[in-house]
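Here is what each chain is made of, one letter per residue.
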Amino acid sequence: MSLLSVALFVLFVAAVLALSFYFAGRAKSASGYYAAGSRIHWGVNGIAFAGDYLSAASFLGICGMIATAGYDGFLYSIGYLAGWVVALFIVAEPMKRLGKYTFTDALDAKYNHRGIKLTAAISTLVVSLFYLIPQMVGAGVLVTPLLGLPHFVGVILVGVIVITIVATAGMTSTTYVQFIKGALLIVFSTVLVVALCLRGLSTTPDQGGRVPYREYRSLAAAESGGTLTVSDPSFQVAEVKEVRKMRFAKLSAGGRASWWKVETEAAGALRLQETQFVVTQAGGGKLVNGAPAARDNQLATVGNMAAIAGRSGVEANTGSVGPFRFLGLIGEPGSKVRQWKEVRFADGADKVSVYYPVLTDGNRIMRPGLQFKVEGTPLERIDFASLMIALFFGTAALPHILIRYYTVPSPAAARKSTIVAIAAIGFFYVLTLFMGLGAMTSGVINLTDNNMSAPLLARSFGTFLFAMISAIAFATVLGTVSGLIIAASGAVAHDVLDRFAGVIKSDQQKVRAGKIVAFVVGGVAILLGILFKGINVSFLVGLAFAVAASANLPAILMMLFWKRTTARGITASIIVGIVSSIGIILLSPTMYELYGLDPLTAPIPLKNPGIVSIPLAFLALIVVSLLTPAGAKRAGVPAAEQAAPL
Amino acid sequence: MLHEPAAKVGKDPAFSFKRRLGVILFAVYGVVYAGFVLLNLVRPGLMGWIALGGLNLAVVYGFGLIVFALLLALAYNAACSRREAALGDKGGK
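So the sequences go chain by chain: A and B.
So the first sequence is numbered by the working numbering: it starts at 1 and just counts up by one.
So the second sequence is numbered by the working numbering: it starts at 1 and just counts up by one.
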């Protein structure tokens with residue numbers, strides 16, 4: 001924690017709150033509160049789109065995933081950006097023309113059906129909550145190194161600030177917070193990437209001389225009659241554990257135990273590779289690398305290139321390189337990256353997590369396959385396709401993104417703001433590849449939480465950039481969470497309480513109800529953010545996309561393009577989309593791992609539900625629409641905009 | 001109360017043109033995106049092939065998808081704006 005970090009953080013928060021109080025006067029009417037009075041300029045809205053969309057998942061999660069899984073993390077960037085094509089070409093203008101405050105308005109504009117109002121509102125709430133979790137987890141991740149505060153304090157801090165933003169000035173302040181944050185994020189990420197290219201690549205990264213490069217030791221060993229011995233007499237082998245077809249030796253030296261990975265060299269000789277490890281003792285004590293965990297005894301950050309284009313040591317230092325050369329050097333056949341893997345096992349009553357280095361060819365890092373097994377079993381390949389489908393179709397179905405179309409004055413402005421968003425978001429996603437790979441090769445990866453890779457990469461360039469990037473990342477969370485809470489608030493106050501239940505009697509009452517809902521949703525978000533600590537945030541957002549793509553997109557597309565679509569068909573599609581996508585997620589191997597169960601016993605082997613749940617939702621809509629009579633005349637919608645053949 | 005229809009919509013003579021063009025461009029992009037996914041599934045090894053300026057196909061195709069999205073978006077906006085101007089429409093305002 002540095003004074004500068006704290007000062008910048010406080011400045012950001014103060015600016016955001018000041019903005020909210022400044023705009024509070026504009027949030028007296030429902031239109032002002034939920035749609036910023038439809039007075040936002042398309043250029044501002046475009047960058048606000050970027051600020052809303054470039055969430056903790058994009059910034060922290062994608063960079064973290066690229067830092068640990070290489071190109072596979074960049075697949076999220078590609079999918080997230082591609083989704084905007086669907087938003088622009090299919091959804092943007094119709095959404096603006098048909099809707100008022102919420103995504104439900106647009107979906108229901110042709111039907112005025114209670115089923116659509118209720119299910120679309122529930123869908124908005126579910127998707128928003130799924131999306132909120134990773135943002136809140138990201139907030140907790142950030143405050144620990146930035147302010148030296150525990151994870152839960154960060155989560156609570158974000159919750160309180162965001163509730164204040166939303167409750168004071170609704171969509172207007174949210175828009176400007178997102179605009180400022182989106183612009184700052186892109187500018188400072190560019191600065192970080194330029195600094196990275198100027199520093200170049202090295203096999204012994206020392207973070208600009210700030211942190212000495214740590215060389216991990218390797219000991220010669222021999223095995224005779226099943227007994228392992230080490231050539232260095234100061235070490236004694238206490239025991240050998242076999243875990244997942246690997247062997248780990250527990251050595252003792254000077255009264256301190258350490259874990260080493262047993263490796264067999266090409267010639268058959270044995271070597272023990274030094275690792276890092278955490279031992280959680282039965283009594284509750286925690287040892288890090290053999291000594292009690294303390295502020296000055298944490299796992300060392302890791303990640304470096306072992307060879308750059310076939311060279312290592314001083315002669316491998318590249319000095320400044322161009323951006324394409326930077327990527328090319330990592331992917332060259334003679335380049336190798338030292339990655340770190342984790343294995344967990346029990347040692348008596350103690351629980352041990354061992355982190356060990358592995359060398360991966362640069363060429364493997366720079367193409368898909370490390371995280372998503374595109375060369376694996378048919379099921380693993382289907383899982384990959386499922387993720388890419390959900391990312392493509394998810395963006396245009398995210399309620400908190402769709403409501404931003406109501407903040408601009410016209411459909412043409414909605415279209416133009418989407419194009420600004422594509423330019424800004426696309427440029428940022430290109431930067432994520434550099435930031436992720438930069439973290440992977442600069443010795444800055446936190447072994448227990450890869451979400452911090454981008455801020456820690458910034459720290460390798462000095463305190464100012466770290467403080468700035470961290471403060472922006474925190475603002476990133478604020479911007480996205482504000483948008484999500486507005487969406488959830490609109491779903492409950494406008495869709496359910498007003499249009500479904502009819503209990504709202506005035507414009508002021510609707511604003512008040514929205515503010516109360518913002519408090520409640522904010523509280524729930526705080527709770528979930530604390531519970532889900534430690535999960536990769538990009539993975540969680542991927543699931544939110546799958547739920548949105550399954551529950552909302554089939555309904556939107558068919559409402560726009562299939563004349564025979566009925567209100568009950570839409571209602572059925574939303575229900576089937578939500579239930580099937582969440583059902584598959586809850587029964588997936590990933591969730592089984594979270595439950596503490598064996599992932600291999602999960603009843604549904606898919607990790608990403610989109611490939612099943614999206615077609616199911618389409619099918620439900622088509623079948624139910626064909627079985628139910630076409631609705632009454634769609635009042636209020638111009639004939640040219642009724643669903644019709646192209 | 002407040003059960004009024006959703007936002008009032010003005011006349012947009014260019015609506016049909018914009019919708020047809022949007023669907024065509026969406027299909028074009030969808031094919032290129034599907035090609036990326038399929039290539040990864042069918043010939044994953046090919047993604048490591050050095051394609052352009054020292055960059056492999058995975059990077060070139062990935063960056064290409066991002067740039068292509070922007071180019072299509074700009075082309076779409078230009079065509080829509082031209083049609084709106086020709087029909088004396090202000091984009092449905």
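Don't read these hints as lab results, they were simulated from the structure.
From the three backbone atoms N, C-alpha and C, an ideal C-beta is built for every residue, glycine too.
Keep in mind that the hints are not guaranteed to be accurate.
Unchecked claim - A short, non-exhaustive set of chain B residues, derived as facing chain A with CB atoms under 8 Å:
1. Phe17
2. Phe63
3. Leu87
Stated by the list, open to error - Keeping only pairs whose Cα atoms sit at most 35 Å apart, straight-line, the calculated DSBU-like set for lysine-lysine is:
4. B:Lys11 / A:Lys351
5. A:Lys563 / A:Lys28
6. A:Lys341 / A:Lys286
7. A:Lys563 / A:Lys533
8. A:Lys563 / B:Lys11
9. A:Lys245 / A:Lys373
10. A:Lys286 / A:Lys250
11. A:Lys505 / A:Lys533
12. B:Lys11 / A:Lys341
To be verified - Covered stretches of chain B, as calculated for chain A (at least 3 residues, CB under 8 Å):
13. 39–49
14. 68–80
Tested hints:
1. For the restraint placing B:Phe17 at the interface with chain A, the shortest Cβ-Cβ distance is roughly 11 Å, beyond the 8 Å limit, so the hint is violated.
2. A least Cβ separation of about 6 Å between B:Phe63 and chain A falls short of the 8 Å threshold, and the interface hint therefore holds.
3. Here the hint on B:Leu87 is broken, as its CB sits about 12 Å from the closest CB of chain A, past 8 Å.
4. At roughly 68 Å between alpha-carbon atoms, B:Lys11 and A:Lys351 are farther apart than 35 Å, so this suggested pair is violated.
5. Note on A:Lys563 and A:Lys28: the hinted pairing is violated, with a Cα-Cα distance of about 39 Å set against a maximum of 35 Å.
6. A threshold of 35 Å between alpha carbons decides the hint, and for A:Lys341 with A:Lys286 the separation of about 20 Å falls inside it, so the pair holds.
7. A hinted pair counts as satisfied when its Cα atoms are at most 35 Å apart, and A:Lys563 with A:Lys533 does not qualify at roughly 46 Å.
8. Between A:Lys563 and B:Lys11 the alpha-carbon distance is near 20 Å, which keeps this suggested pair within the 35 Å criterion.
9. Taking the CA atoms of A:Lys245 and A:Lys373, the gap is about 20 Å. The hint holds against a cut of 35 Å.
10. Of the pairs offered as hints, the one joining A:Lys286 and A:Lys250 holds, with about 17 Å between alpha carbons and a cut-off of 35 Å not exceeded.
11. Our distance criterion of 35 Å between C-alpha atoms is broken by A:Lys505 and A:Lys533, whose separation comes to about 41 Å.
12. This hinted pair does not check out: B:Lys11 and A:Lys341 have alpha carbons roughly 60 Å apart, beyond 35 Å.
13. With 6 residues having a beta carbon nearer than 8 Å to a beta carbon of chain A, the region 39–49 of chain B meets the requirement of three or more and the stated coverage holds.
14. Counting residues of the region 68–80 of chain B whose C-beta sits closer than 8 Å to any C-beta of chain A gives 8, which meets the bar of three, so the coverage hint holds.
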